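Enquirer: Use the sequences and the hints to build the structure in full.
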Amino acid sequence: MKAFLTTEALRHREKSCKKPSVPLCLCGGFLLFLFSITALARDELHLYNWNNYISDETVVRFERSCNCKLVQDYYSDNEEMLAKLAAGASGYDLIVPTGNAVESLIKSGQLRPINKQLLPNLKNIDPAYLDTAFDPGNRYSVPYAYTITLIGYNAEKMRALNLPTDTWAVIFEPKYLKKLKGRVTVLDSQRELMAAALKYLGYSANDTDEAHWRRARDLIIRAKPYWAAFNASSYIKELTIGNIWLAHGYSNDMFQARQDAKNAGRPFTIAYATPKEGAVLALDSMVLHKTGPRPDLAHRFIDFMLVGKNSAELTNLIGSGNPNRDAMRHIDPAIAANRAVFPTPDIQRRLEMLMDLDRNQRRVLSRMWTEIKVR
Amino acid sequence: MNKERLTRWLTFGPPFIFMVVFFVLPAFIMVAASFRFPGEYGGLAPMFENGTWQFTLETYRFFFSDFIYTEIFLKSFFIAGLTTLICIALAYPLALLITRVPKRFRDVMVLLVVLPFASNFLIRVYAWMIILGPQSAFSTAVNSVVTAFGFEPVPLLFSPFAVIVGMVYVHLPFMVLPLYTNLEKHDPILLDAAQDLGANAWQRFWKVTWPLSLPGVYAGSALVFIPVLGMFAVPDILGGTGDILIGNLIKEQFLGTRDWPFGSTLSIMLTLAVLAIAALAMRYSRKSLSHA
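Chains as they are written, first to last, in my numbering: chain A, -10 to 364; chain B, 41 to 332.
In case anyone wonders, no lab produced these hints; they're calculated from the structure. The model shown is predicted, which means the values in this text are computed figures rather than measured ones. C-beta: ideal position from N, C-alpha, C; glycine also. A hint or two may mislead.
[Claimed, not checked] Here are some chain B residues pointing at chain A (derived, C-beta under 7 Å):
hint, residue
1, Tyr81
2, Pro174
3, Gly190
4, Pro193
5, Ile284
[Unchecked claim] Listed below are several chain B residues computed to face chain A (Cβ distance under 8 Å; list not exhaustive):
hint, residue
6, Ile171
7, Gln175
8, Asp232
9, Gln235
Expert: Pasting the structure below:
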């Protein structure tokens, strides 16, 4: 409302500028501009969030409840966000990074501890998602939503070819892949693909033993000739139009591919499943950046997002996993019943969050990744 | 005199300062970064730590310890060279045609050459994903021919072929424009003279037009070859599982691996390689000029 008034006023100014002296009007306009900045700055919460990671209704309700304005800025991967902060971006009250990025931010001293007294709704979070390795005791972070890195597939094709859909074997074993040659994409991410291979070989996704890495590398190189591409984003579209039948990717993306295929009236459905060997779970958490001017509003936002209904809106929008127990009753039953997003306890035990590698390990892994790409 | 000096500084100064601030200084920063250690959480480790200066040759040792990086360099040079050759082969006849049509069509044709720049580069590359995709009319047509000859259908998208197509498509205008500006200046009387002296069409082209157009060919080649070397978006979007070029490798060091020193080393190696090629080319062209 405030913003609306201001632009109206400015427009009016512009019109009246034509006749009286121009410098006077410019001065007036400038003053008005300054005034509007200070007026708006009074109650603003700056959220640095993933693209499309909060529902519009939630935003509207929050703004009404706090009588403030939620200003969002977006990123599309953690590295981008970390790089921007490292370059000196400031003024963000809240950020929603993934686990290992939270760890980086904590260790580089960029975060403000949270005050749990201000978060009565924290009790709604499933303890399985609290006290994580990247932030023991949740001193800095509060879970927001999660994705699982899994396999998405064209259900009709996979059935017709009689292929399993509950195991990484279908991504890595030539005996299955030869039926899918050129119809498979895997993520263009060193950590994610290595994690899938390590999981398939029975190791931890965070295993750092070089011998195990080499086995995983060899497994990947053996499977590579059957894959169409390493792909980070266009697999959603390729699955939807039927060019790709099997993709290694994120649960949110598979949800979108499924919706898109349905809305476009495709003669097939996109399904997705978490492989039984286990997979990577990426937990995004809300954290307070040190440079944020409004920790009070930030706490209000966190507590607001911990309310089941608000948290559920995000899941209903993008199919993300939800660590909030109170949200379950508000979630679309079709999503709530999806075992790929809300896994059985048995699978849940085999989900792992990726931990950061140290700089030497990163260099070793990078060389293996280059070998994978070249061979 | 004083005024002349001022004019010179005013014309020469701003671009000079711009280049110093945004090219020379960053280049030195990059050289310095290549001798440092990567930071634990990305970026660079402190230069001075535990009472000693932290500099190392490790990244260079790492680069030469494995043939794999050299291999990617060679491959990138091959792709860049091939793209340049295809661009010359496609752009030359077009540029020649533009100079020969009546003046009123000429400007329209030049406009058409630069028109693709009006839409975003990524959108144009994405369009190729659709054109080359397995369900497209183009793909179906190509594969019906291929299968008619008894071969397996070939996937066009996510292949080295797609990368070359994308590279050529994106860089073609950079070859057409310098060629056109060069060819436009040729005096048609020279061709008439050659014809009077008994040269046939091929000889007129090969002995007159081509040698005169060489500066345009060199300029166009430089404008195509060097950007292709550093291009990472095209192989990322159109390439298959093996189509990694230096650009992708460097990008990976800065984003995926967070290894700035090694990324800097790769960039420096690339710069050195390009400079070496430029030096060789200059030497060669000077030699051929002095022989002529």
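Enquirer: Now look at each hint and say whether the structure bears it out.
Expert: Status of the hints after comparison with the structure:
no.: 1; hint: Tyr81; in the structure: holds, 4 Å
no.: 2; hint: Pro174; in the structure: holds, 5 Å
no.: 3; hint: Gly190; in the structure: violated, 19 Å
no.: 4; hint: Pro193; in the structure: violated, 10 Å
no.: 5; hint: Ile284; in the structure: holds, 4 Å
no.: 6; hint: Ile171; in the structure: violated, 13 Å
no.: 7; hint: Gln175; in the structure: holds, 6 Å
no.: 8; hint: Asp232; in the structure: violated, 54 Å
no.: 9; hint: Gln235; in the structure: violated, 53 Å
Taken one by one, the earlier hints fail for this structure at numbers 3, 4, 6, 8, 9, listed in ascending order.
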